[in-house]
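Q: Just so you know, the sequences run in chain order A and B.
First residue of the first sequence? That's 1 in UniProt numbering, and the numbers climb one at a time after it.
First residue of the second sequence? That's 1 in UniProt numbering, and the numbers climb one at a time after it.
Rather than coming from a laboratory, the hints here were simulated on the basis of the structure.
Where is the CB? At the ideal position from N, CA and C, for every residue including glycine.
One thing to keep in mind: the hints can contain errors.
[What the hints assert, rightly or not] Straight-line distance between alpha carbons at most 30 Å, and here's what the computed DSSO-like set of lysine-lysine pairs gives:
| hint | chain 1 | residue 1 | chain 2 | residue 2 |
| --- | --- | --- | --- | --- |
| 1 | A | 206 | A | 150 |
| 2 | A | 91 | B | 161 |
| 3 | A | 101 | B | 180 |
| 4 | A | 110 | B | 180 |
| 5 | A | 240 | A | 294 |
| 6 | A | 294 | B | 261 |
| 7 | B | 261 | A | 150 |
| 8 | B | 180 | A | 90 |
| 9 | A | 266 | A | 221 |
| 10 | A | 266 | A | 240 |
| 11 | A | 53 | B | 161 |
| 12 | A | 56 | B | 180 |
| 13 | B | 90 | A | 90 |
| 14 | A | 106 | B | 180 |
| 15 | B | 180 | A | 98 |
| 16 | A | 244 | A | 257 |
| 17 | B | 180 | A | 53 |
| 18 | A | 17 | B | 90 |
| 19 | A | 53 | B | 90 |
| 20 | B | 49 | A | 90 |
| 21 | A | 350 | A | 335 |
| 22 | A | 266 | A | 302 |
| 23 | A | 342 | A | 302 |
| 24 | B | 161 | A | 98 |
| 25 | A | 98 | A | 232 |
| 26 | A | 91 | B | 90 |
[As the list claims (entries may be wrong)] Take a look, some chain A residues computed to stay more than 12 Å from chain B by CB distance:
| hint | residue |
| --- | --- |
| 27 | 310 |
| 28 | 323 |
| 29 | 335 |
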Amino acid sequence: MIHIKNLSNNWGDFTLKNISLDIKESEYFVILGPTGAGKTLLLEIIAGLYFPKEGKVMINGNDVTFTSPENRGLGFVYQDYALFPHLNVKKNIEYGLKLRKVPEDKREEKISELVKMLKINHLLHRNTETLSGGEKQKVALARALAINPKIILMDEPFSALDENTKSKLILDMKELHKTEGITFVHVTHSQEEAILLADRIGIMMKGTIVQVGNPDEIFYKPVTKEIAQFVKIENIWEGKVTNKKEDEMIVEVNGNKIVALSDHFKVGQDVRLIIRPEDIILGKGDTSARNNFKGKITSVIKHGFYYIIRIDCGFEVEAAVTKQSIENLNIREGKDINIFFKATALQVIKR
Amino acid sequence: MFSEIRRNPLLILFFIFGMLIVVYIIAALSNMLYSQLVLHPGDFINVIKDPDVLKSIWLTLYTSFIATAIGVILGIPLAYILARYEFYGKDIIEAIVDIPIIIPHTVAGIALFSLLMKRGVVGVAFSKLGIVFQDNMWGIVMAMFFVSCPFFVGTAREGFKSVNPNLESVARTLGASQWKSFYQIALPLTSRHIFSGAIMSWARGISEFGAIIIIAYYPMIASTMILARFNTNGLLGSQPIAVLLIIICFITFVALRLVSKRGRRI
């Protein structure tokens with residue numbers, strides 16, 4: 001659907017470097033990355049608001065790299081909603097239809113269909129400045145949907161909303177995506193939004209796309225240390241492959257032997273082991289798991305509805321456990337504890 | 001505010017200083033209005049009937065109007081570019097646009113005269129087209145335009161700056177051409193700034209004198225008429241014209257302000 005090839009650009013403080021990306025039809029694609037990664041600029045280039053210095057943007061097989069935005073027919077929703085303040089809600093939604101010279105009865109039909117779908121009928125004649133954040137967001141969405149776009153681009157659409165409004169809107173978005181079959185490209189720095197909405201995620205850092213994959217691949221198998229840190233994995237251990245069998249290998253981390261799947265690594269190679277804190281299991285006695293280490297609990301921190309436990313096993317381990325486990329295992333700072341994890345849960349990358 | 005003053009000595013001091021400015025302005029104007037309208041109403045009525053005076057006031061108002069119209073037409077594109085784009089030399093262009101505000105008016109007059117007089121670089125070209133600036137209405141317009149356009153450009157630029165550029169981007173994605181997104185989105189959202197910038201420019205044009213007498217002493221604008229009458233007939237001859245000009249300007253500006261405030265509601 002959207003095919004981006006070797007895209008590079010320089011625009012003030014933001015630089016895009018050699019971006020290649022394929023977004024499939026009807027996909028909900030999230031571009032996730034820290035602030036200042038150039039995500040908005042990438043989105044605006046897809047929309048045609050800026051033209052790239054190098055590279056190509058193809059939509060449905062057509063080269064649109066230098067097509068003006070009004071001829072692309074994409075919907076765009078900004079973080080600040082960008083509702084026209086001199087037009088009321090209805091006229092905002094109607095704007096694109098009027099530009100397309102859609103006759104009045106057809107416009108009315110489309111508008112009533114949209115406001116029904118987004119449940120904003122009661123707002124139709126309101127001044128946009130009197131709307132709440134969530135309402136503005138829905139109006140901006142309705143305005144974008146009015147022109148029947150095949151693709152909707154959204155720039156941090158939920159970041160100015162309170163938590164409850166955001167959760168509700170995310171559910172609405174999922175529903176909308178399911179029923180309308182539109183391709184969504186959604187830019188955000190929020191991992192929560194990415195997990196909840198994305199079919200696939202593209203991680204963007206320092207002006208380039210560093211990993212593309214489904215949420216499990218991104219959050220469990222980050223391909224670089226920086227991505228692992230960005231998705232909040234503290235368990236990044238540096239080691240060396242010391243032994244290798246058919247499908248598994250031994251990685252030595254600070255003198256501890258850890259079993260991992262061997263993949264394409266060679267004996268003697270320097271590697272990093274990455275594992276999510278949820279995949280670390282805490283226990284009392286010995287277990288049959290081969291990655292089984294003894295350690296001392298160095299800190300217990302409440303983190304919303306679960307706890308983050310730090311354990312010193314000769315290497316730093318971070319585990320996420322429930323309140324239930326804390327009580328059952330009598331977890332306290334300074335206590336000894338056993339940790340274990342599966343070889344398959346480990347992501348190995350070279351360093 | 002007033003309840004706060006009692007508990008805030010600094011505010012009292014600021015209030016006194018601030019009031020001195022206001023009182024000074026009111027004193028100058030009300031003294032003149034009082035002595036003219038109450039003590040010497042006869043002279044004032046004579047002036048109202050004097051066709052030369054009325055002609056000069058009318059000339060002032062409409063030449064300044066033309067100057068403002070030129071400023072609006074040429075100034076909107078400039079203001080938009082200055083508000084929206086960053087480019088090399090932008091600071092210099094902004095400084096150049098502000099020059100007419102800072103140079104003495106007679107200096108501006110000399111500069112314009114040497115440019116626009118019959119033998120001047122531009123004056124020669126225009127005189128072939130039949131447009132003369134020297135001692136002509138168009139000379140007055142050009143002098144007013146020179147001194148008043150920075151006020152319009154500055155205000156309109158601030159107006160365009162206050163319009164979220166994402167609005168125009170969204171309009172583009174919805175199908176608006178660059179031109180349409182400008183006149184359907186950016187322009188209406190800047191209309192108040194444009195209107196008040198135009199009022200300021202018009203007022204500035206009406207008040208111009210120094211540059212105008214050098215390039216076009218005749219036909220006489222109101223200020224020239226006041227000076228001429230002051231030199232021949234003194235205060236008694238000139239003050240009634242000044243009072244009439246003030247009254248006309250005051251009524252006009254109050255009316256325009258009311259209109260622009262009303263426009264805000266819509």
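Q: Work down the list of hints and note, for each, if the structure agrees.
A: Now for the hints, and whether the structure bears them out:
Our distance criterion of 30 Å between C-alpha atoms is met by residue 206 (chain A) and residue 150 (chain A), whose separation comes to about 29 Å. Pair hint residue 91 (chain A) plus residue 161 (chain B) holds up; C-alpha atoms about 24 Å apart against a cutoff of 30 Å. Restraint check for residue 101 (chain A) and residue 180 (chain B): the C-alpha separation of about 14 Å stays at or below 30 Å, so the hint holds. Taking the CA atoms of residue 110 (chain A) and residue 180 (chain B), the gap is near 23 Å; set against the 30 Å cutoff, the hint holds.
Pair hint residue 240 (chain A) plus residue 294 (chain A) holds up; C-alpha atoms about 21 Å apart against a cutoff of 30 Å. For the hint linking residue 294 (chain A) to residue 261 (chain B), the alpha-carbon distance of about 76 Å lies beyond 30 Å, and the restraint is violated. For the hint linking residue 261 (chain B) to residue 150 (chain A), the alpha-carbon distance of about 43 Å lies beyond 30 Å, and the restraint is violated. Under the criterion of a C-alpha separation no larger than 30 Å, the hint pairing residue 180 (chain B) with residue 90 (chain A) is consistent with the structure, at around 19 Å.
For the proposed pair residue 266 (chain A) and residue 221 (chain A), the alpha carbon gap of about 20 Å is at most 30 Å, so the pair holds. At most 30 Å may separate the alpha-carbon atoms for a hinted pair to count; residue 266 (chain A) and residue 240 (chain A) meet this at roughly 10 Å. With a CA separation close to 27 Å, the supplied pair residue 53 (chain A) and residue 161 (chain B) stays within the 30 Å bound. Under the criterion of a C-alpha separation no larger than 30 Å, the hint pairing residue 56 (chain A) with residue 180 (chain B) is consistent with the structure, at around 27 Å.
Straight-line distance between C-alpha atoms of residue 90 (chain B) and residue 90 (chain A) comes to about 39 Å, which puts the hinted pair past the 30 Å bound. At most 30 Å may separate the alpha-carbon atoms for a hinted pair to count; residue 106 (chain A) and residue 180 (chain B) meet this at roughly 22 Å. Under the criterion of a C-alpha separation no larger than 30 Å, the hint pairing residue 180 (chain B) with residue 98 (chain A) is consistent with the structure, at around 12 Å. For the hint linking residue 244 (chain A) to residue 257 (chain A), the alpha-carbon distance of about 12 Å falls within 30 Å, and the restraint holds.
The straight-line distance between the Cα atoms of residue 180 (chain B) and residue 53 (chain A) is roughly 26 Å, inside the 30 Å bound, and the hint therefore holds. Between residue 17 (chain A) and residue 90 (chain B) the alpha-carbon distance is near 29 Å, which keeps this suggested pair within the 30 Å criterion. Restraint check for residue 53 (chain A) and residue 90 (chain B): satisfied, since their Cα atoms lie roughly 23 Å apart, inside the 30 Å limit. A hinted pair counts as satisfied when its Cα atoms are at most 30 Å apart, and residue 49 (chain B) with residue 90 (chain A) does not qualify at roughly 56 Å.
Proximity of residue 350 (chain A) to residue 335 (chain A) is assessed by CA-CA distance (about 34 Å); at most 30 Å being required, the pair is judged violated. Between residue 266 (chain A) and residue 302 (chain A), the direct Cα distance comes to roughly 40 Å. Violation of the 30 Å bound is thereby established for this hinted pair. At roughly 25 Å between alpha-carbon atoms, residue 342 (chain A) and residue 302 (chain A) fall within 30 Å of each other, so this suggested pair holds. A distance of roughly 27 Å separates the Cα atoms of residue 161 (chain B) and residue 98 (chain A); the hinted pair therefore holds under the 30 Å criterion.
Restraint check: the Cα-Cα separation between residue 98 (chain A) and residue 232 (chain A) comes to about 47 Å, which exceeds 30 Å; the hinted pair is violated. In summary, the hint linking residue 91 (chain A) to residue 90 (chain B) is not supported, as the alpha carbons are separated by about 36 Å, beyond the 30 Å threshold. At the 12 Å boundary, the C-beta of residue 310 (chain A) stays outside the reach of chain B, the nearest C-beta of that chain being 43 Å off. With a closest Cβ-Cβ approach of about 44 Å to chain B, residue 323 (chain A) is found to remain outside the 12 Å limit, as its non-interface label requires.
A cut-off of 12 Å between C-beta atoms confirms that residue 335 (chain A) is not in contact with chain B; the least separation is 54 Å.
Checked against the numbered hints given earlier, this structure breaks hints 6, 7, 13, 20, 21, 22, 25, 26; the rest are met.
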